[in-house]
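Chemist: Can you build the whole structure from these sequences, using the hints too?
Protein chains: 2
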Amino acid sequence: MRTSPPDPELLALNTATVREKWGLREIIAGCARHRFRGVSPWRDGLAQIGVKEAAKAAHGGGLTVTGLCGGGRFPAADRRARQAAIDDTRRAIDDAATLEARCLVLTAGALPEGSKDLTGTREMVRDGIGEVLDHARSAGVPLAIEPLHPMYCADQGCVNTLAQALDLCDLLDRRGASLGVAVDDYHVWWDPQLRAQIERAGEKRLLAFQISDWLPASREMLADRGMMGDGVIDLPLVRSWMEEVGYQGFHEVEVLSSGNWWRRDPDEVLATCRVRHQTAC
Amino acid sequence: MRTSPPDPELLALNTATVREKWGLREIIAGCARHRFRGVSPWRDGLAQIGVKEAAKAAHGGGLTVTGLCGGGRFPAADRRARQAAIDDTRRAIDDAATLEARCLVLTAGALPEGSKDLTGTREMVRDGIGEVLDHARSAGVPLAIEPLHPMYCADQGCVNTLAQALDLCDLLDRRGASLGVAVDDYHVWWDPQLRAQIERAGEKRLLAFQISDWLPASREMLADRGMMGDGVIDLPLVRSWMEEVGYQGFHEVEVLSSGNWWRRDPDEVLATCRVRHQTAC
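Protein sequences, first through last, are from chains W and Z.
According to this note's numbering, numbering within the first sequence proceeds without interruption in unit steps and concludes at 281.
According to this note's numbering, numbering within the second sequence proceeds without interruption in unit steps and concludes at 281.
These aren't lab readings, by the way, just hints derived from the structure by calculation.
No distinction is drawn between identical chains; accordingly, a pair holds when it is met within one copy or between any pair of copies.
Derived SDA-like pairs: lysine to any residue, alpha-carbon spacing no greater than 20 Å straight-line:
1. K21 with W42
2. K116 with W241
3. K116 with A196
4. K116 with D224
5. K116 with Q278
6. K56 with W42
7. K116 with A280
8. K116 with M242
9. K116 with P5
Modeler: In structure tokens:
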């Protein structure tokens, strides 16, 4: 075997993996029961119990909040909507601070309705991150730009490669303390530059690591990810590249699977994650 | 308007746009009837009438064969299967020569069944192209590597960016006379490096230009492309980048659309292509 199995203490759960059947409180309890050490909630899920209660529940369950997901959809058709996205991301930063989250994950946003101006849209992302960065610094919450798979460029996120995300980091945050990237295997596994860009990122820019798998027979773009080991991604190899440059953070399972894993008993899903973390990651 | 409409004489048809309803002979007749000046057949369609008859029909209809599609799926699990792909691609080169095609389009091939070795698979592509390049030179048929959208990396083609394709060109064909790229808007429109890589390619490496559109509401990976103008790609902008570096070749419509355009009367499809070429490209 090329690499030894990962430290089981680094297993974390992105709530999107089971939130179809469980609320946030159940997820946190489930994580503790299955000996996950970290949890990464989505912002809309926080509303169920409030951010302070969520923080108390997670920390009470011995969980690190590895990241808060859901900020940064900056591009919009008019100035008012763009300002609203900036204000909303500032509130997300405050929530992340309350949760003591290791980072706020930004998914960048996509082309405004009716727009074909991809370059201009990407400039809105750059400007939006620039607008919230001081607030993130004051709050002590690093921002993690998550490159999304190019198939999401039109309607979810127009930062689509690690190189592009790191260009934004270098442009906006030269010191490298406040802005970094979230590496999600599913989004970046295909990239011929993946290893080189992980090296370029280095430890200080690698703020989060998300895992799932790419199913080769998949024809559906939105929520057809595989459980680790069921697809074609060489997960141990990607992890070894992350570790080579010093990444020591969590391995956060994010399996969006409307046809399979979302339908199962979440206790079965979490038990499977724990096994696959050791056998396939 | 940023750019003037394209020269209508440059309109060409990739047969995949209408082959669900028409055979190759009907497609060629349809192209001539709708004043397309070029056609790009798929290799499996040639078998219907034979390559010599296809050449005669195309040239008789006043059509340039802009490319032959379907060679180059080199990666395979064992040596024998890899050799078979090389032999098959040599025959495709011969067919392209008979057709006087401007290039043979290579779609690279994907991970062999059960493999997670993406780096090794890409090496098989590199080696396969290397094996057939002399044959292509002798036959006077340039090979066009077509980068496929990253969502096809697992099961169709593991060359996924223009940069990656051009790296192969530079590695295998320094003089730049025998190996180039096919730029398909649908596959590359998202790429932050698109303009820079078109510039890098330059006229000599830009062997084909395929057009369709990306539908933002699409959730289906395989055959849900839009007609030019119905999606989010700024087609005139991409064409202007091609023309800035001297590209003067055809604009080849390739709309794979199982739910919409494949179901329509091909005469309607071709008439629509002709209008959209002028209004949306």
